[in-house]
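Enquirer: The chain contents come next:
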Amino acid sequence: MKRMQKTFSVLVVSIALAFVSLPGLARQATDSNHSIDIVSWQTSNGARVLYVYAPQLPMVDVRVVFDAGSARDDGKPGLASMTNSMLELGAGKWDTNALAEQFDNVGASFSSSAARDMAIVQLRSLTDKPILDVALAAFRAVINAPRFDADELERIRRQTLIALKSQQQSPGTIASKAFYKALYGKHPYATPTIGTVDSVKQISRDDLKAFYREYYVASNAVIAIVGDLDKAAARELVEDIIGKLPKGEKAAALPPVKPLTTSRVINKPHPSTQTHILVGQPGMKRGDPDYFALYVGNHILGGSGFGSRIMEEIREKRGLAYSSYSYFSPMRQDGPFVMGLQTKNDKRAEALALLDKTLREFIEEGPTRKELDHALKNITGGFPLRIDSNKDIASYIAMIGFYDLPLDYLNTFNANVEAVTIEKIKDAFSRRIHPDRLLTVQVGADLDGD
Amino acid sequence: MLRKTLILLGILAWGLAQAASDQVHEFHLENGMKILVKEDHRAPVMVAQVWYKVGSSYENNGITGISHVLEHMMFKGTEKHGPGEFSRIIAENGGRENAFTGQDYTAYFQTMEKSRMPISFELEADRMRNLTLPAEEFEKEVRVVMEERRLRTEDKPRSLTHEQFQATAFVSSPYHNPVIGWMNDLENLTVEDLKPWYARWYAPNNATLVVVGDVDPDEVYKLAKKYFGPLKPSKIKPIKPRKEMKQRGLRKVIVKAPAKLPYLTMGYKVPVLMTAEQDWEPYALEVLANVLDGSDSARFPRELVRKQQIAAGLDAGYDLYARQSDLFTIAATPSEGKSVDEVKKAIFEQLERVKNEPVTEEELARIKAQVVASKVYELDSVFYQAMQLGMLETVGLGWKTLDEYPERVRAVTPTQIQAVARKYLVEDGLTIGVLDPQPMDQPELAKKHAVKNNKQGS
Numbered sequence: 001m002k003r004m005q006k007t008f009s010v011l012v013v014s015i016a017l018a019f020v021s022l023p024g025l026a027r028q029a030t031d032s033n034h035s036i037d038i039v040s041w042q043t044s045n046g047a048r049v050l051y052v053y054a055p056q057l058p059m060v061d062v063r064v065v066f067d068a069g070s071a072r073d074d075g076k077p078g079l080a081s082m083t084n085s086m087l088e089l090g091a092g093k094w095d096t097n098a099l100a101e102q103f104d105n106v107g108a109s110f111s112s113s114a115a116r117d118m119a120i121v122q123l124r125s126l127t128d129k130p131i132l133d134v135a136l137a138a139f140r141a142v143i144n145a146p147r148f149d150a151d152e153l154e155r156i157r158r159q160t161l162i163a164l165k166s167q168q169q170s171p172g173t174i175a176s177k178a179f180y181k182a183l184y185g186k187h188p189y190a191t192p193t194i195g196t197v198d199s200v201k202q203i204s205r206d207d208l209k210a211f212y213r214e215y216y217v218a219s220n221a222v223i224a225i226v227g228d229l230d231k232a233a234a235r236e237l238v239e240d241i242i243g244k245l246p247k248g249e250k251a252a253a254l255p256p257v258k259p260l261t262t263s264r265v266i267n268k269p270h271p272s273t274q275t276h277i278l279v280g281q282p283g284m285k286r287g288d289p290d291y292f293a294l295y296v297g298n299h300i301l302g303g304s305g306f307g308s309r310i311m312e313e314i315r316e317k318r319g320l321a322y323s324s325y326s327y328f329s330p331m332r333q334d335g336p337f338v339m340g341l342q343t344k345n346d347k348r349a350e351a352l353a354l355l356d357k358t359l360r361e362f363i364e365e366g367p368t369r370k371e372l373d374h375a376l377k378n379i380t381g382g383f384p385l386r387i388d389s390n391k392d393i394a395s396y397i398a399m400i401g402f403y404d405l406p407l408d409y410l411n412t413f414n415a416n417v418e419a420v421t422i423e424k425i426k427d428a429f430s431r432r433i434h435p436d437r438l439l440t441v442q443v444g445a446d447l448d449g450d
Numbered sequence: 001m002l003r004k005t006l007i008l009l010g011i012l013a014w015g016l017a018q019a020a021s022d023q024v025h026e027f028h029l030e031n032g033m034k035i036l037v038k039e040d041h042r043a044p045v046m047v048a049q050v051w052y053k054v055g056s057s058y059e060n061n062g063i064t065g066i067s068h069v070l071e072h073m074m075f076k077g078t079e080k081h082g083p084g085e086f087s088r089i090i091a092e093n094g095g096r097e098n099a100f101t102g103q104d105y106t107a108y109f110q111t112m113e114k115s116r117m118p119i120s121f122e123l124e125a126d127r128m129r130n131l132t133l134p135a136e137e138f139e140k141e142v143r144v145v146m147e148e149r150r151l152r153t154e155d156k157p158r159s160l161t162h163e164q165f166q167a168t169a170f171v172s173s174p175y176h177n178p179v180i181g182w183m184n185d186l187e188n189l190t191v192e193d194l195k196p197w198y199a200r201w202y203a204p205n206n207a208t209l210v211v212v213g214d215v216d217p218d219e220v221y222k223l224a225k226k227y228f229g230p231l232k233p234s235k236i237k238p239i240k241p242r243k244e245m246k247q248r249g250l251r252k253v254i255v256k257a258p259a260k261l262p263y264l265t266m267g268y269k270v271p272v273l274m275t276a277e278q279d280w281e282p283y284a285l286e287v288l289a290n291v292l293d294g295s296d297s298a299r300f301p302r303e304l305v306r307k308q309q310i311a312a313g314l315d316a317g318y319d320l321y322a323r324q325s326d327l328f329t330i331a332a333t334p335s336e337g338k339s340v341d342e343v344k345k346a347i348f349e350q351l352e353r354v355k356n357e358p359v360t361e362e363e364l365a366r367i368k369a370q371v372v373a374s375k376v377y378e379l380d381s382v383f384y385q386a387m388q389l390g391m392l393e394t395v396g397l398g399w400k401t402l403d404e405y406p407e408r409v410r411a412v413t414p415t416q417i418q419a420v421a422r423k424y425l426v427e428d429g430l431t432i433g434v435l436d437p438q439p440m441d442q443p444e445l446a447k448k449h450a451v452k453n454n455k456q457g458s
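These protein sequences, in sequence, are chains A and B. Sequential numbering of the first sequence, starting at 1, is according to this note's numbering. Sequential numbering of the second sequence, starting at 1, is according to this note's numbering.
Simulated from the structure, these hints should not be mistaken for laboratory data. Every value quoted in this text rests on a predicted model; they were computed, and no experiment measured them. All residues carry an ideal CB built from backbone N, CA and C; glycine is no exception. Check each hint, because a few of them may be wrong.
[Unchecked claim] Here chain A is said to cover these stretches of chain B; the calculated rule only asks that three of the stretch's residues, wherever they fall, bring their Cβ under 8 Å from a Cβ of chain A:
| # | stretch |
| --- | --- |
| 1 | 153 to 161 |
| 2 | 259 to 266 |
[To be verified] Listed next, the in silico DSS-like pairs over lysine-lysine satisfying Cα-Cα at most 25 Å (straight line):
| # | chain 1 | residue 1 | chain 2 | residue 2 |
| --- | --- | --- | --- | --- |
| 3 | B | Lys307 | A | Lys93 |
| 4 | B | Lys156 | A | Lys165 |
| 5 | B | Lys237 | B | Lys195 |
| 6 | B | Lys80 | A | Lys370 |
| 7 | A | Lys165 | B | Lys256 |
| 8 | A | Lys181 | B | Lys156 |
| 9 | A | Lys165 | B | Lys344 |
| 10 | B | Lys80 | A | Lys377 |
| 11 | A | Lys317 | B | Lys140 |
| 12 | B | Lys345 | A | Lys165 |
| 13 | A | Lys165 | B | Lys307 |
| 14 | A | Lys285 | A | Lys250 |
| 15 | B | Lys344 | B | Lys307 |
| 16 | B | Lys246 | B | Lys355 |
| 17 | B | Lys338 | A | Lys201 |
| 18 | A | Lys317 | A | Lys370 |
| 19 | A | Lys377 | A | Lys426 |
| 20 | A | Lys247 | A | Lys231 |
| 21 | A | Lys317 | B | Lys80 |
This is chain B alone, in the form it adopts within the complex (with noise of 0.2 Å):
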């Protein structure tokens, strides 16, 4: 049964990545902007997004979060629009928006009914190049994002955890800051450093335009020639390279906070695909994490939460799509009455494993049927289709390598998982995080915190 249906499903596989790369359609501006759109005719809908190349990885020390401040500004108002202006015009005409901001990028997206996409492609022309940067609601906004930090970072101690455990592993990248900033960052953050990180980034030459759903390619082509061909584009600088030094022995960070459970994370330093040597050795790092944490048949839930019962919940992660090297990472929460240290150890005999022997065809084969099946379940959202597009081509490996991932991670071998797992899973690139629980139920304590973090961002 387990052949011929994998036989099926590569035929199947065939067929899609035909059909991905005739979907996607390539403009440029002569400003230098670039515009992708895929057409999805299934509802009258059609999703817009706007990539520009800024996130914490562009940042410097003493001004971390500022690229997420500034994607809260842009909802505050340009010569023509006021604050809220943006926001009030999308919803009424039926539209969501909203946007993001990560290591390596900041989007911003409105869905709409598909005969408003004028509309959202005026309005995002003219925040790209028109903010004004109100002083007064800068101060407003910051606060928010303070408040937005607490309530993701600081009262949540996994999160705490993960925070400073990234900060371990990565010394001279830019990865070692925070998304959203260290809060005395946020707090020494003014409208005025805002103001030069807004012209330098925010310009047609660093945006991609995104759109999927019921449009007509050249139609969106014209629009958006129409509203963002007119803008300047801005000379840019390339970015300093910043690489991570090399790691020389492993290295441990231990959290300690109000907590009920203890946790662990761990990180290897591995190459993606824009850092890689060797360009297969990202494919083999993915087919690798989901050998580990796939899905329910893989083999954290199987043996360590399942069989051992030493891990209450697991995880593996991997971005091989992200801009600079970054993390192979696992993340363990105990079972009731066992260790961290137990976790460790058995997490480390796992990862012996993958090294010592070859994965089975058996799993290998699981993991494509699935590759391939999410292929197709992906194309349910008009969104999460735009942003693979747009993600990729923000970070710089193009839009074009998401038709191949299917293909790719076919390619991949046993010998080659268990090359990347002895040359990358060694201890000498290992960063460790613990969270330490301390007691959360005595009022002094309680009080002291209180205190302590009421002083904070007033």
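If we strip away everything but chain A, and leave its shape as in the complex, we get (with noise of 0.2 Å):
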């Protein structure tokens, strides 16, 4: 219920820093053996279907993730997400409203959302049958049958405008946005996912119900199942949730994204007290060779909030910042690794200078001894953690089914976090992270616009 979870977002101020873990990263086994038991079939007609019995709480998660986020834009910045937004907005014999009370009669949650390589739609419901039944209803029609009505559309396009223009006064926005754009040029992650405001104005119905068609189809579908049901009971709520979609085509791969080959600064002004800055290059994909000497090195470098090298630089040495980071965002095809920061404008330069001495430091020399421990330690002692909840289980295995990555990709985490060395940390920064071929954008008072 949305209101009971507001009680305590309110009032909070929490002292530190979004520990910035990779959405998805990995999980380790340890010595407490709490593995993950995933099973995996395909639909009838081609999906993939990932499912882990979780018997504790009579509920169930659905997650639905097909390969239509942002990426397939083609040219028409905001499409996916458009796409995605008006899937609940109108289904099978039901309009906007009596769509809502269907899942709100039996209080059942659904969200919908889309990101540059994902777009996601999905269920949690209490599974007593009767109550299951109601919200499956629903759920199968906005999946199978939603109608993209015209007078909604318009609606949908308002709201999107507003809210880019919303975003217009965020300063944190403005920057992450000018950083794909430019890290990106050409490719499909460089614009963003909600769009852009030409863009949005011209989005028609036919481009949603073509998108929708092409991309909403079961070769294109991976289904991450955790809850309250045994196997066959898995087995027919997919069938009957997917089950009737075309067969379809799997998306075809995205093209690869080119290196930086020059350092090159983007200043937008903004009437803030801080500066936003955000310094980086493209970093890995999903399932890259290099994946885990990256993590466990950037964890060391600004991965892990507290004691992390850029964390202590910036914050618990000089008090320049609330928040400092690094991160990789692996995705489908190299996603970006990012530093970043915000300072009070009159800190910037010598924030921008820490980061740099930080990152080149750390490169040349690599994490010492008792860092990796550290970071090793950390990492595989934390693993329960990161599967401890029925939610953070379906967003794993919805990521290893949609990257292709392996079935014992959590059980195995540990042993592949344990193998990383130090060399093996310098020879992946040395050949993936270049300090003279960067990206800084920088967004705050009185600076000069490019």
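Put the complex together from the two separate chains, hints included.
Expert: Structure follows, in structure tokens:
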């Protein structure tokens, strides 16, 4: 229930720094034999299913992921996102209000979202059969028979334009959009998932329907199920919601990302008291051969909050920022490597120089023995935390399925992490990260625009 | 279909309520510390949270934000463990840790593999009484907090509006002050201010330890006794009531800030569980908030966002678990081409409707179904379960209040909803805040702004 969650969010001011852990990073098997048993199969029409039996709570999470993120926008930025948003706005025999009621009557929680790679449609419901049946009927309609009503499209278009305006008052969002745009140039990752004003104004109902027909098909879908349903019931559920989708075709491979050839600085003037700084370059893919070396290395560089080098230099030693970090965001093609912080405008030069220095030193010298030991203990010892809820497990197995990672990915993760050495980190960072070919974006007051 | 489903949900809810009260174990140490334990054996993990009865609503003028700054300083070392050691040890043990400060509480937590529980207890017990508060660490950390304030408030036009709105709505109540503190108070805060604040509030008889996870309650008690048992209690004087004075008429505040979109925020003075004379009233207000904005099928999204399309986004908020009387809030962003006044008028129409017509049985049934389901869903997070127990205990309601929730919500009638709407959603108790967007892209304006702000906090 939306409101109950809110009770906590409003007043809380937390000390730290989102531990910028990479979306869907690895988890480690530890001494505690907490492993995840994934069962996988294909539906009759070719969709891939990953399932984990979790009988402890009388509920189920169903996460359906299509390769239908904004990387598929094909010159119409915002198309994937708008298609995804429209699914629940009228489907089958129900209009928007009726669909919302159908879910709400049984306390089911439905949501959908799109990012660059993935378009997600998900349901959480109690598993009492009469309740689940009601929720599934609506869920099935949303996936199989969205209406794309013209008047709802116009409303979503206006809402998206408002959201785009709202982003212009957020220095963090301005920085992030400028960063992706400059980093990816002509690659489909360059444009924001939400779209651009010009494009959002032009997207038509036919565009949405064509996009849906092409990408919301069984061959292009991965379904993750976690909950109190036995395998037979899970099979039945999947056939029910996905079995009637056309087989279709898997989306074509995305083009590779071109590396940066030179350093570049982009300044965006904004009337803010802080400057938001992002520095980075193309990083790595899911399943990348250097994944574990880069992941563990970054943990030490700036991926683990307190104790990581960037946090120490920027926040702990000098009090320059509340949040400072680095991360890799592995995607289908090379997602970004990013270092970031926000500091008051007159400190930005100092902070930026520190980021640069910290990165260069790390690439040159690599981590110390002590740092590596500490990181390995943290990552492997924390493994059970990463899969301690159905929600987490559903999101992991959907990721494993979507990116074709091995089914034992979670259960072998600790071993893969422990195999990382100082030399492997130094080697991977020096081959992959180039301090003389970095993109820097600054958004703040009193900057000369580009 | 609907009716049948609801009956089933009713049975389920009853079963859950029964199960819930069996699960929390309460212990007391001789020094006054309270311990709450809830077993959740789904994964080999545990979360430990230490909650203190202190937060921004305990602060007075001139030192606003001190509880939150102290929270940051709790990571800066004791006699036994130097600055940053706490975090290093937790990390080395695979733990996740953090802390948060609210109006009515400050809490610290570690989520760890279950066998590491003693590590968490030892470190938390140590910093409950033995913080060193080094001046040089304070000087850096208070700058971090000022950056946090810039990030969360100064550069966010809606947050700025909320802060002014809150300060306008509350005059004599400590809810007047922002949790993070006013910038000028942060600039003038000293480590000497922090020392008595720490000595006053950080004591076992002002704390609750909550543990949820794959643990044995008796084992938790034994360990807690070992680590927290030797700590000396403090003499803690009860704080003054500081009730809000009676509001005598509509209050308004306009906030001018560089922004692209206008924003409206409204708040009515309402009681909460701690202060209500009629204890059904907060539950009726809770259901009312859900009638307006509990889900996609609620009235605000249905009527104002989708049908009239007057607002692009709209939120109703009410926290029945606040320590002091609070606000029933409504916040909105107008649709393109609509004014703040038009949105306000449309909201008033919806509020008149809840005053004049009883809420339908169907709406009520839907809300109750959602309450029941969400009681199950929240069991998927050990952290959230611990958080609810700790928060209720710390504001003074007691954790058992949590178990009452489904039953009390179910008992709310359409007449009661109408009654609280008529009694509290009245103009004399209303505060309105409006964000009046100023240009963002004029270079002169940007420069002026930058120079002014660079002087702050340096």
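Enquirer: Is the hinted pair Lys344(B) and Lys307(B) satisfied, with a Cα-Cα distance of at most 25 Å?
Expert: Within the cut-off at roughly 16 Å; holds.
Enquirer: Straight-line Cα separation of Lys345(B) and Lys165(A) no greater than 25 Å?
Expert: holds, 24 Å
Enquirer: Holds or violated: the stretch 153 to 161 of chain B covered by chain A, criterion of 3 or more residues with Cβ-Cβ distance under 8 Å?
Expert: It holds, with 4 qualifying residues against the three required.
Enquirer: Are the Cα positions of Lys165(A) and Lys307(B) separated by 25 Å at most?
Expert: holds, 22 Å
Enquirer: For the pair we were handed, Lys181(A) and Lys156(B), check the Cα-Cα distance against 25 Å.
Expert: holds, 24 Å
Enquirer: Just to be careful, I want the Cα atoms of Lys338(B) and Lys201(A) compared with a cutoff of 25 Å; is the pair within it?
Expert: Between Lys338(B) and Lys201(A) the Cα gap is close to 19 Å, so the pair holds against 25 Å.
Enquirer: Given the hint that Lys317(A) pairs with Lys80(B), does the C-alpha gap stay at or below 25 Å?
Expert: The hint holds at about 21 Å.
Enquirer: Given the hint that Lys165(A) pairs with Lys344(B), test it: the Cα-Cα distance must not exceed 25 Å.
Expert: Within the cut-off at roughly 21 Å; holds.
Enquirer: Please work out if Lys285(A) and Lys250(A) have their alpha carbons no farther apart than 25 Å.
Expert: holds, 19 Å
Enquirer: Could you grab the alpha-carbon distance between Lys317(A) and Lys370(A) and see if it respects the 25 Å cut-off?
Expert: Distance of about 20 Å is within 25 Å: holds.
Enquirer: Within a Cα-Cα threshold of 25 Å, do Lys246(B) and Lys355(B) meet the stated pairing?
Expert: holds, 23 Å
Enquirer: Is the straight-line distance between the alpha-carbon of Lys237(B) and that of Lys195(B) 25 Å or less?
Expert: With a Cα-Cα distance of about 17 Å, the restraint between Lys237(B) and Lys195(B) holds, given a limit of 25 Å.
Consistency note: the structure conflicts with none of the earlier hints.
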